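J.: So the chains spell out like this:
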Amino acid sequence: MTGTALLFLVLGLGLVGWIVGRARAAAFVRAAKGGPRGQVNSLPSYHGWFVAVCAVVPAVIFMFIWQSVSPALVTNMVLSAPAASGLPQDGFARAAILSEARSIAMGLQSTAFQTQSEKLVPLYKDALSYYQMLGLAGTLLLLFAGGAFAFTRLKPDFRARNKVERLVMLGLLLASLIAIITTIGIFASLIFESWRFFSMVSPFEFLFGTNWNPKSVITPGADNGYGAIPLFWGTIFIGAIIAMLVAIPLGLMSAIFLTQYASSNVRKWMKPILEILAGVPTVVYGYFAALTVAPAIRDFAVMLGVSNAASDNALAAGIVMGVMIIPLVSSMSDDSIAAVPNAMRDGSLAMGATKSETIKQVLLPAALPGVVGGILLAVSRAIGETMIVVMAAGYTANLSANPFDTITTVTVQIVALLTGDQDFGSPHTLAAFALGLALFVTTFFLNYVALRVVKRYREAYE
Amino acid sequence: MNNAVPNPTPTDWNGQIMQKRIASRYAAERRFKAMGFMAVALSTLFLAFLLFTMLGQGLRGFQRTEVAVDFDFPALTSGASAASISGANADASLNSMDIPGVVDLAISQQYGDQGATLLTSAAAANVRQMLADNPNLITGKQRLWLPAESRIDIAYKRSGEANAEKTVAALADKEALRTGFNWTFLTGADATDPSAVGIWAAFKGSLMTMAITLLLAFPIGVFAALYLEEYASKNKLTDMIEVSINNLAAVPSIIFGLLGLAVFLTLFGMPRSSALVGGLTLALMTMPVIVIAGRNAVKSVPPSIREAALGIGASPVQVVFHHVLPLALPGILTGTIIGMARALGETAPLLMIGMRAFIPSAPQGFTDAATALPVQIYLWSDEVNQGFVEKTSAAIIILLIFLLGMNALAIYLRNRFETRW
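Line by line, the protein sequences are chains A and B.
So for the first sequence, our numbering puts the first residue at 1; every next one is plus one.
So for the second sequence, our numbering puts the first residue at 1001; every next one is plus one.
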């Protein structure tokens, strides 16, 4: 029986538990009729929920634990059989044979490529069905035990609602804890893998080296090509310079035009259109940048006389990324301009200033912290952006400020390092985690500062 | 007093200097307004250009060029009868008929040696399907229209290689070419031959991934939002939860991919490139979006409703689940749809967990190797073969239709059900 089917069986039995518990409580209510009011403490459905939760929750927890533990138990059982004694001692060959026998036994593979694995197939089949039966029995046992325990607790004065509500509160708390667990998970996995990386390559080389040409075999003390400075520069150049040169003027001016000049009809139509720009998936932008924008820019550069313009130039990726960011800058500026008290605007207009003078000399200075916060968020978004640069920017690390050159970024290299068929512990894979850590720390810092700036500014006018 | 220094700023409104000054200020005003208009217009133009390019290239991807091939079935199959390929063992007898050989023979009889290069690799499967649908075809001579090979396809639709152009001209003279709707593109899976690819496998992978994401992110996100807004007391733990959620909402998506790789694949040993792991990873990414939207929706429910419910004896849990949650649900759903649309368009984290494999058939279960629509777009965009360009754009059109549809639904829901108190 597959895991999904078992899960549905458990849930179905939980439903049965709910019906039984509810029926039992309904009987209490009928018995109490005519007697003094309030004899039954909780509504019948709470009794039902109590039985269902007591039956299902332990069983499901056991199921998940069993799912993760049983493969190891199965392998142990197979290895302890006499037929497995002839297996090679070498760990890799052994694992290959075992996994092949396992997939044949599970019906994922039909023929064996290794002779030894064929012998193990019946053993695996036995072990698998043995542990599956054990898991099924354990799950059902827990289910019925939990259900029966809950059922015996049901009495007219049993406080089923309080019990159920306490469980609901526990569930709500656990759901909110998932956010913390995820953050810790991200941080821990990045730190742990980066630690392994830095035990091979010195952090000094990684942070200050200018040569990025990662070798898969590390020679201690020598230059292994893990100097990430060109990547950091590329990320800043594309994400924080070129993209912002596009996004800040266009986003800010769009926000000003839509909030201060446009009629409400224009605004009603233009705002959703700008929001569509934010809703287009990045892979589409990447494809557009690589297929249409980049060749056009290369031709333009050649026309200007830049003969070595690359087809995967930094400018195309940066411009398209800037367009992607426009809605973010625009909506953040929109919010902060709207938050400036009307009295300031009216005062300036009343003194005879034109609209543009009011905007430039009163509204923008007053809204500046919010706009800066928005720009910081936009930068953090741009440097973490992956698909546009993977598809449109290059893979060669290049410490150059020429926008027609091919320049690579941190995210491009993470993808490049992880898409080969490397083993998880290889320096390439681990280097991707070190780059990920650098990216995570930078964006975390930017977001933190941005939110602080925006928050403090909002308080100033409230 | 009468010999005072002339005022440096003119005050005579009708004076020439003042008029000039006013004119220049008004000109600056007009320039500024024009700049604002230009900014909006440029953004809109870019969007229009992008959509127009995708449509222009992609619509061709839904069409295919078909070549007429004459089959003399009685001679080719040594007189198989309609009865033998229908009924219970139709599959077995069709399998034993060597249809690829039959197609090769038929086309080389008609077009000579180069005939075999005219058809796509899926042509034999098409013939098999036609025979299965209509067994009577096998009793006579038939002219069947079969999908052409990619180079012919390109040359017929626009201009291609010189050789292919020549072939196309020759075929067109014989009226042996026509354009048909490419059903394979909607029902098929990835292939090495661009004229035989389809997006169904990737689309199904996306649907399965989204199902897992929704199943996990929605309840967890709603519960977390309810806890933080309604029950959490102000303490260190609550602060930490809030900081985590705000931070997770802004973490680059590729970092979630690294988390999925390190935790789900390496630590837990879950099946690589499966919809299950993809869904889990995207659920972690979508959950903060739903929490933030959910908190705003819950916050906007007025306190009077809670107080009224409490006043007639509801418990705190009943207040929230019977009154606050139903009223906040439209807002929560809007946020959920927007979060799901973002997850549907996400590529980078899925690349990290290996959903970039070549998937020649649709996944059957949540642990099968799968790919997703945006990843498929990325993979096709990397292909050298020119035939993939229109297929990539066609896949993008389908992805955009779904994303814009979801966003439109979110806006509709917001306008239709949002209550302002």
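Just so you know, not all the hints are guaranteed correct.
[What the hints assert, rightly or not] 30 Å max Cα-Cα, derived DSSO-like pairs, lysine-lysine:
1) Lys-355/A / Lys-268/A
2) Lys-1033/B / Lys-271/A
3) Lys-1020/B / Lys-1033/B
4) Lys-163/A / Lys-1234/B
5) Lys-1157/B / Lys-271/A
6) Lys-271/A / Lys-163/A
7) Lys-360/A / Lys-1020/B
8) Lys-455/A / Lys-1299/B
9) Lys-355/A / Lys-1033/B
10) Lys-1299/B / Lys-1234/B
11) Lys-33/A / Lys-119/A
12) Lys-155/A / Lys-33/A
13) Lys-1157/B / Lys-455/A
14) Lys-1236/B / Lys-1174/B
15) Lys-268/A / Lys-163/A
16) Lys-355/A / Lys-1020/B
17) Lys-119/A / Lys-268/A
18) Lys-268/A / Lys-1299/B
19) Lys-1234/B / Lys-360/A
20) Lys-360/A / Lys-455/A
21) Lys-163/A / Lys-1236/B
22) Lys-1157/B / Lys-1174/B
23) Lys-268/A / Lys-1174/B
24) Lys-1174/B / Lys-455/A
[To be verified] Residues from chain B that keep clear of chain A, each with C-beta distances beyond 10 Å, as calculated:
25) Val-1102
26) Ala-1122
27) Glu-1175
28) Gly-1180
29) Ala-1224
30) Asn-1235
31) Ala-1262
32) Leu-1329
33) Ala-1341
34) Glu-1346
35) Thr-1392
36) Ile-1396
These are calculated hints, taken from the structure and not from any lab test.
Predicted model, so just to flag it, every value in this text is computed and none were measured.
For each residue, glycine too, the CB sits at the ideal point set by N, CA and C.
J.: Would you mind marking each hint as holding or not holding in the structure?
T.: Hint-by-hint comparison with the structure:
1. Lys-355/A / Lys-268/A: holds (21 Å)
2. Lys-1033/B / Lys-271/A: Given that 30 Å is the threshold and the Cα spacing comes to 17 Å, the pair holds.
3. Lys-1020/B / Lys-1033/B: holds (20 Å)
4. Lys-163/A / Lys-1234/B: holds (25 Å)
5. Lys-1157/B / Lys-271/A: violated (38 Å)
6. Lys-271/A / Lys-163/A: violated (49 Å)
7. Lys-360/A / Lys-1020/B: Holds - the C-alpha atoms of Lys-1020/B and Lys-360/A are around 21 Å apart, at most 30 Å.
8. Lys-455/A / Lys-1299/B: Since the Cα atoms of Lys-455/A and Lys-1299/B sit roughly 18 Å apart, the hinted pair holds (cutoff 30 Å).
9. Lys-355/A / Lys-1033/B: The given pair, whose Cα atoms are some 9 Å apart, holds under the 30 Å limit.
10. Lys-1299/B / Lys-1234/B: holds (16 Å)
11. Lys-33/A / Lys-119/A: violated (69 Å)
12. Lys-155/A / Lys-33/A: Since the Cα atoms of Lys-155/A and Lys-33/A sit roughly 15 Å apart, the hinted pair holds (cutoff 30 Å).
13. Lys-1157/B / Lys-455/A: violated (57 Å)
14. Lys-1236/B / Lys-1174/B: violated (80 Å)
15. Lys-268/A / Lys-163/A: Distance of about 50 Å is beyond 30 Å: violated.
16. Lys-355/A / Lys-1020/B: Status holds; Cα separation ~18 Å.
17. Lys-119/A / Lys-268/A: violated (71 Å)
18. Lys-268/A / Lys-1299/B: holds (26 Å)
19. Lys-1234/B / Lys-360/A: With Cα atoms ~41 Å apart, Lys-1234/B and Lys-360/A exceed 30 Å; violated.
20. Lys-360/A / Lys-455/A: Within the cut-off at roughly 23 Å; holds.
21. Lys-163/A / Lys-1236/B: holds (27 Å)
22. Lys-1157/B / Lys-1174/B: holds (17 Å)
23. Lys-268/A / Lys-1174/B: Roughly 56 Å between the alpha carbons, so the hint for Lys-268/A and Lys-1174/B is violated.
24. Lys-1174/B / Lys-455/A: violated (73 Å)
25. Val-1102: holds (28 Å)
26. Ala-1122: At roughly 24 Å from the nearest Cβ of chain A, Ala-1122/B sits farther out than 10 Å, so the non-interface label holds.
27. Glu-1175: holds (34 Å)
28. Gly-1180: Given a closest Cβ separation of 26 Å, the condition holds.
29. Ala-1224: violated (4 Å)
30. Asn-1235: holds (12 Å)
31. Ala-1262: violated (4 Å)
32. Leu-1329: Holds, because the least Cβ-Cβ distance between Leu-1329/B and chain A comes to about 16 Å, which exceeds 10 Å.
33. Ala-1341: violated (7 Å)
34. Glu-1346: For Glu-1346/B, whose nearest Cβ neighbour in chain A is about 7 Å away, the distance does not exceed 10 Å, so it is violated.
35. Thr-1392: violated (6 Å)
36. Ile-1396: violated (5 Å)
Checked against the numbered hints above, the structure violates hints 5, 6, 11, 13, 14, 15, 17, 19, 23, 24, 29, 31, 33, 34, 35, 36; every other hint is satisfied.
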